[in-house]
Amino acid sequence: MYNFFSSSKGIVLTGLLIGIGAFLLQFLGNPANMGICVVCFTRDTAGGIGLHRAEIVQYIRPEIIGFVLGSFASALAAKEFQPQSGSSPLIRFVLGIITGTSALVFLGCPWRMVLRIAGGDLNAVVGVLGFAFGIFIGTRFFKHGYTLGKSMPISKKAGFVFPLLMLGLLFLLIFSPEKEGSVHNGLIWYSQSGPGSMHAPLLISLGIAFIVGIIAQRSRFCTMGAFRDIFLFKELHLFSGLFALFAAVLVLNVIYGRFNPGFSGQPIAHTDHVWNFLSMLTVGFAAALAGGCPGRQFFSGGEGNNDSVIYCIGLFVGTAFAHNFGIASSAQAIGPNSAFAVLLGLAVCFIIAFAHIKRK
Amino acid sequence: MENVLDTCGLSCPQPALETLNFIQQNGADEFTVLTDSITSRENIIRTAKKQGYGLKHEEKQLMTMYLHFSKNA
Numbered sequence: 042m043y044n045f046f047s048s049s050k051g052i053v054l055t056g057l058l059i060g061i062g063a064f065l066l067q068f069l070g071n072p073a074n075m076g077i078c079v080v081c082f083t084r085d086t087a088g089g090i091g092l093h094r095a096e097i098v099q100y101i102r103p104e105i106i107g108f109v110l111g112s113f114a115s116a117l118a119a120k121e122f123q124p125q126s127g128s129s130p131l132i133r134f135v136l137g138i139i140t141g142t143s144a145l146v147f148l149g150c151p152w153r154m155v156l157r158i159a160g161g162d163l164n165a166v167v168g169v170l171g172f173a174f175g176i177f178i179g180t181r182f183f184k185h186g187y188t189l190g191k192s193m194p195i196s197k198k199a200g201f202v203f204p205l206l207m208l209g210l211l212f213l214l215i216f217s218p219e220k221e222g223s224v225h226n227g228l229i230w231y232s233q234s235g236p237g238s239m240h241a242p243l244l245i246s247l248g249i250a251f252i253v254g255i256i257a258q259r260s261r262f263c264t265m266g267a268f269r270d271i272f273l274f275k276e277l278h279l280f281s282g283l284f285a286l287f288a289a290v291l292v293l294n295v296i297y298g299r300f301n302p303g304f305s306g307q308p309i310a311h312t313d314h315v316w317n318f319l320s321m322l323t324v325g326f327a328a329a330l331a332g333g334c335p336g337r338q339f340f341s342g343g344e345g346n347n348d349s350v351i352y353c354i355g356l357f358v359g360t361a362f363a364h365n366f367g368i369a370s371s372a373q374a375i376g377p378n379s380a381f382a383v384l385l386g387l388a389v390c391f392i393i394a395f396a397h398i399k400r401k
Numbered sequence: 002m003e004n005v006l007d008t009c010g011l012s013c014p015q016p017a018l019e020t021l022n023f024i025q026q027n028g029a030d031e032f033t034v035l036t037d038s039i040t041s042r043e044n045i046i047r048t049a050k051k052q053g054y055g056l057k058h059e060e061k062q063l064m065t066m067y068l069h070f071s072k073n074a
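Protein chains in written order, with the numbering used here: chain G, 42 to 401; chain V, 2 to 74.
So here's chain G without its partners, still in its complex pose:
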């Protein structure tokens, strides 16, 4: 079957549509430069079900649910739903934890990093340099035979579990609504202030994310792959999609007066260049070793890849750790344990990488 979205025009259209979707979500209530942030939204969702108690970042984000359900529906419709697992799941879990903790030192996943630059946040330029460098390190290991091993086909039913878990979250969100003025409705948590309290209407968030899930599944959009394929294959295909996303948001921000270039005073961002660089370097390295950025892992999970699901569960745990253990940064500064967590994550990535070089 011809797949338009995987063509060179298709991937650019994907980037443009995701960019427009992200801008719309910002416009309709999501936090600034955070129309879509896969890690932040995973963190908010973890908070929504009480895995951490940081009161300003608790909300079951419909975007996360929509990504998985959109990708799942798309994969089913295209007969591309192929559940598989068994490629070092626990290592992927650890890589998910490392990604979740490190990304919250930077304050954003690779998607938000691009949205931040498109909003004029120059701290994210430092982040993107780190991210690209981390991926570059990862590609050196791939060149030397790094592999987490082969996965095996598993039953179709096993592939349904992740979408069902997401439906469970949606069920909670719909049938256990916010209690006005209270962070806890007796079952789940809803931020009353801070980023977690800022969100677009539920159905709009869910709808946009569902569409993003579909086109990301069709196009195989991946922010880590965008850089990795340049380093490994001199291939600009995925990068052109990422650049289109950036361009779309940049243009919309300029038109609507939301482009404010500079380092200081940027929304939900700090100016610690060293840790912006190193945290995203660790995110890039971990994502490269895991074979996809956080967004891609959710889409791939929707397609039935249970190894990706394990990475996503690692993300939930990692983002909860980030707030439980003083790792996440605030807009003022990095957290008391940010530096330690990033360096530990980086060291673990090197250990994983060296330990999985398979000589032929």
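Rather than coming from a laboratory, the hints here were simulated on the basis of the structure.
Just so you know, even glycine gets a beta-carbon here, dropped at the ideal spot from N, CA and C.
Check before you lean on any hint, since a few could be wrong.
What the hints assert, rightly or not - 20 Å max Cα-Cα, derived DMTMM-like pairs, lysine to aspartate or glutamate:
hint, chain 1, residue 1, chain 2, residue 2
1, G, Lys275, V, Glu31
2, G, Lys184, V, Glu19
3, V, Lys72, V, Glu59
4, G, Lys191, V, Glu19
5, V, Lys50, V, Glu31
6, V, Lys72, V, Glu19
7, V, Lys61, G, Glu121
8, G, Lys191, V, Asp30
9, G, Lys120, V, Glu60
10, V, Lys61, V, Glu31
11, G, Lys191, G, Glu96
12, G, Lys399, V, Glu19
13, G, Lys220, G, Glu96
14, G, Lys184, V, Glu31
15, G, Lys120, V, Glu31
16, V, Lys72, V, Asp30
Claimed, not checked - Taking CB as the label site, the calculated pair distances span:
hint, chain 1, residue 1, chain 2, residue 2, range
17, G, Ala374, V, Gly55, 52 to 58 Å
18, V, Met64, G, His225, 42 to 48 Å
19, V, Asn73, G, Ser49, 16 to 22 Å
20, G, Ile398, V, Lys51, 49 to 55 Å
21, V, Leu56, G, Ile392, 35 to 41 Å
22, G, Gly227, V, Met64, 30 to 36 Å
23, V, Glu60, G, Gly190, 22 to 28 Å
Assemble chain V onto chain G, guided by the hints.
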């Protein structure tokens, strides 16, 4: 079978990387790559194309896709 590369079970970017290595070491006019990943399928096709190989035809048996490449196809 000669000129067959089995990348089933491997995740990105390894199937494409192995295809690249295979082409560079093998240099055959025709070869076949096996994959069970739809994402890898497209990466393999793009990689082969860059090296001057086109997808001649493909078939699917259960979950495995057989991608047959040929020079200047």
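Using the C-beta atoms of Ile398 (chain G) and Lys51 (chain V), is the stated range 49 to 55 Å upheld? 25 Å, violated
Is it true that Gly227 (chain G) and Met64 (chain V) lie within 30 to 36 Å of each other by Cβ? 45 Å, violated
Consistency of beta-carbon spacing, Gly190 (chain G) to Glu60 (chain V), with hint 22 to 28 Å: 27 Å, holds
Does the Cβ distance between Met64 (chain V) and His225 (chain G) fall inside 42 to 48 Å? 45 Å, holds
Holds or violated: Lys72 (chain V) to Asp30 (chain V), with C-alpha atoms at most 20 Å apart: Since the Cα atoms of Lys72 (chain V) and Asp30 (chain V) sit roughly 5 Å apart, the hinted pair holds (cutoff 20 Å).
Do the beta carbons of Asn73 (chain V) and Ser49 (chain G) sit within 16 to 22 Å of each other? 21 Å, holds
Quickly compare the C-alpha distance for Lys61 (chain V) and Glu121 (chain G) to 20 Å and report which way the hint goes. Measuring from Cα to Cα gives roughly 12 Å; hence the hint holds.
Straight-line Cα separation of Lys120 (chain G) and Glu31 (chain V) no greater than 20 Å? At roughly 28 Å apart (the allowed maximum being 20 Å), Glu31 (chain V) and Lys120 (chain G) break the hint.
Hint check: Lys120 (chain G) vs Glu60 (chain V), CA-CA at most 20 Å. Holds or violated? This hinted pair holds, its Cα atoms lying about 15 Å apart.
Tell me if the straight-line CA distance from Lys61 (chain V) to Glu31 (chain V) falls inside 20 Å. Given pair Lys61 (chain V), Glu31 (chain V) holds - Cα atoms ~18 Å apart, limit 20 Å.
Straight-line alpha-carbon gap Lys184 (chain G) to Glu31 (chain V), limit 20 Å: 24 Å, violated
Holds or violated: Lys399 (chain G) and Glu19 (chain V), Cα atoms, limit 20 Å. 13 Å, holds
Figure legend: structure checked against the earlier numbered hints; hints not met, in rising order: 1, 8, 11, 14, 15, 20, 22.
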